[in-house]
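**Q** Those protein sequence lines, which keep their order, are chains F and R. With this note's numbering, letter number 230 in the first sequence gets 230, and the count goes up by one each step, no holes. With this note's numbering, letter number 478 in the second sequence gets 478, and the count goes up by one each step, no holes.
Accuracy of the hints is not assured; some may be wrong.
Which stretches of chain R does chain F cover? Using the computed rule of at least three CB atoms under 8 angstroms from a CB of chain F, they are [claimed, not checked]: (1) 7-21; (2) 407-416.
Cβ pair distances, simulated, as ranges [what the hints assert, rightly or not]: (3) F:GLU84 x R:PHE467: 27 to 37 angstroms; (4) F:ALA128 x R:LEU463: 38 to 48 angstroms; (5) R:ILE482 x F:VAL26: 28 to 38 angstroms; (6) R:VAL7 x F:ALA128: 12 to 22 angstroms; (7) R:VAL7 x F:ALA125: 13 to 23 angstroms; (8) R:SER18 x F:GLY233: 52 to 62 angstroms.
Here are the simulated DSS-like pairs of lysine-lysine, each with C-alpha atoms no more than 30 angstroms apart in a straight line [as the list claims (entries may be wrong)]: (9) R:LYS203 x R:LYS340; (10) R:LYS147 x F:LYS145; (11) F:LYS145 x R:LYS203; (12) R:LYS340 x R:LYS147; (13) R:LYS340 x R:LYS96.
Rather than coming from a laboratory, the hints here were simulated on the basis of the structure. Computed from a predicted model, the values in this text were never measured in an experiment. By construction, the Cβ of each residue, glycine as well, lies at the ideal position given by its N, Cα and C atoms.
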Amino acid sequence: MAGGNGAPSAIRAENVCRLYAMGDSVVNALDGVSLDVREGERVALVGSSGSGKSTLLHLIAGLDRPTSGTLETHGRNLAALSPEELAAHRRGTVGMIFQAFHLLPRMTLEENVELPLRLAEVPRADRAARVREALEHVGLAGRAKHRPGELSGGEQQRAAIARALVNRPSILLADEPTGNLDSRNGEEIMRLIHSLNDSLHMTVVLVTHERKLAASFAERILVLSDGRLAAEGRPGDPAVEALR
Amino acid sequence: MKANDLVELAGRNLRESSFRNSLTTTGVAVGVASLVAMLSLGAGLQGLVSDRFARSGLFNTIGVFTARDMRGMERSERRSGVLESNTRPLDEAARKEITALPNVIEVYPEVRLLTDVTFEGRTLFTSVSGLSPSARQNEAFEKMHGKFFSEPEAEEAILHVDFARDLLAPANTPGDSFPLPMGPRTRSTPEVTDAQLDSLVGKEIVLHYGERMPAPAPSEATPRAANRSARAQNAAAHSTAADSAEDDSAGDTVSFSVVRRERRLRIAGIIDTEPYAGITASAASRVFLPVGLAEKLHPAQASNLRDIMQAKPSASENYSALIVRVNDPARVAPIQDALKRMGFRTFSLLDATKSLRRVFVILDLFLAIFGSVALVVASLGIVNTLVMSVLERRREIGVLKALGASDADVKRLFFVEAGVMGTVGGAFGVLLGWLIGRAINFGTNIYLSNQDLPHETIVLLPLWLIFGAVAFAIGVSLLSGIYPAARAARLDPVQVLRYE
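Work out the full structure, taking the sequences as your base and the hints as a guide.
**A** The following block contains the structure:
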């Protein structure tokens, strides 16, 4: 399950399972998933609702732990990390963007973007420059003092991307980033993520259920179905297309 | 997350729900104010009583007696036989040694005599005591007619108002003997006005007393000859102890004369209540002299008569008792021990201060319990506010965790919010408690003024209570924050971000 290029592995999963207890029954959200994503690669996780794509993203983000199997980022087994180490992984290694943006409405854009820097205990003197740099990356430097409610959906998602970038993570995890946007704003966001992948050489894992979006963005598509990796390949591969 | 960032975020969160958090903080402030007001009242009452006792001299005074006196008061020592072998005289040398002890501020003899006092041709029999200069602090002298003694050896007297009434009473017959003013008065004396009492101040009374004088040495005159000589020369009572001491060595055989004297004294003032002048003496005394003057007069006292009866009368003039004043009631016990080691008997009211302290500890405890009830209610308010806050901020907590906040970070954030409410509430509570105390003092003093009584500080806010109350409020708030903080830290970010 190697990635397409010869770069070192950014994310490696081996036989990862995630079970949830739902009352008396057990739900198999992920059932023996194995994959390998190379550094700087753009990967799309696709599948229908309940296929396990968001669960896999949360495991990679360190928000959850696999029930069994090995999940590594840059060779580090996430299952073996303590809660504090897992929090440090979320602060430093990965950046996340969500369908619902999840900006804090009481804070201005710059305060929202500054939040990961506070959590990472970045010195106060360095923060302003880092926040400005992140906002410039997403073209929102002029809206730094605005609150999320004063921005359009596309602008809010760009602010969320700035927040995800500000700690300079090596992996960007995007969970349905265009799900709440119209097509024009959605395309704009995907172009932005693409450019960040190019300019910052970030590994990007995109979770989406939109075939067209996945095909236009990803170098490789992983198809999940009922918690299993059903197929993988480049956009246009017949095996991938057949399952999507 | 760094502490300053935590405080900043907590402050921001508290400001977001400013009305609700203000109400909760006000609840804490009211709770702390209640606690502070209660404990201030306890501290004020304790201070009031302690001050009264300190000024009375009751609890920083030790009575010192020779070991041969006061038998039966300390049976254990008598049984042990320690004192049988140690009967050091209470003389000038002992007085100097006691004065040199650390923390001793004053040592003076107990002087008390039963004698005649003549005023405008009428002679009254009464009890006279010496008063030390420190007695001026006694509240008996707060609202007196006239003034306290002008000097430690001034030829002045202060009268008890009962005695002053007797002086002003219509003369029965000159030379009337009055009953001893011990216990309740049995004679009805007409009431006198303040003006009449004031008119007595500055007038003179004549004190009749017997001066104790050294008698000629036995080698110069036989005891009987000395007796005859004294009678002839002074027409005074003359006694000797030499006869009874003949069995002992010649060096121990001494005698003294008692010579009748008079001394004119100006009435310096008149007091309504009896001051505490000595450990045993002042009770029921009606005329008071400066103790310096009383010493200078060398009056023969009742104890001198017993000296005559002693098998070994003292070679020099001994004190019947010395009164030792200590700078702090807490020092009384060690100084008493030192005095006992010097070979003297002692007596103090130390045990009474211990009882008093115990009473105030219990009073403070009850006041604190009642005062804390409001703070407990306020702490429930904090729990409620923070639990509501956790419910409202589920998404924010999830986002913080997704961005890298650890469970401990989330927990600390809620603790800081609780702590900020406790600190602000505590500070305002102390201020409110202080204002309540001021109001109580103000109201009480209006009442006291109406009753023609001096102003008092009923409610006292000591420094320890200010800091203690704020610290207590913070502690209670942090305790209140434990459950909400744990609940916030337990939130599963996956669930929150998926469904919020």
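**Q** Now, for every hint given, state plainly whether the structure supports it.
**A** Cross-check of the supplied hints:
no.: 1; hint: 7-21; result: holds (count 3)
no.: 2; hint: 407-416; result: holds (count 3)
no.: 3; hint: F:GLU84 x R:PHE467: 27 to 37 angstroms; result: 35 angstroms, holds
no.: 4; hint: F:ALA128 x R:LEU463: 38 to 48 angstroms; result: 43 angstroms, holds
no.: 5; hint: R:ILE482 x F:VAL26: 28 to 38 angstroms; result: 33 angstroms, holds
no.: 6; hint: R:VAL7 x F:ALA128: 12 to 22 angstroms; result: 19 angstroms, holds
no.: 7; hint: R:VAL7 x F:ALA125: 13 to 23 angstroms; result: 18 angstroms, holds
no.: 8; hint: R:SER18 x F:GLY233: 52 to 62 angstroms; result: 56 angstroms, holds
no.: 9; hint: R:LYS203 x R:LYS340; result: 44 angstroms, violated
no.: 10; hint: R:LYS147 x F:LYS145; result: 77 angstroms, violated
no.: 11; hint: F:LYS145 x R:LYS203; result: 90 angstroms, violated
no.: 12; hint: R:LYS340 x R:LYS147; result: 38 angstroms, violated
no.: 13; hint: R:LYS340 x R:LYS96; result: 16 angstroms, holds
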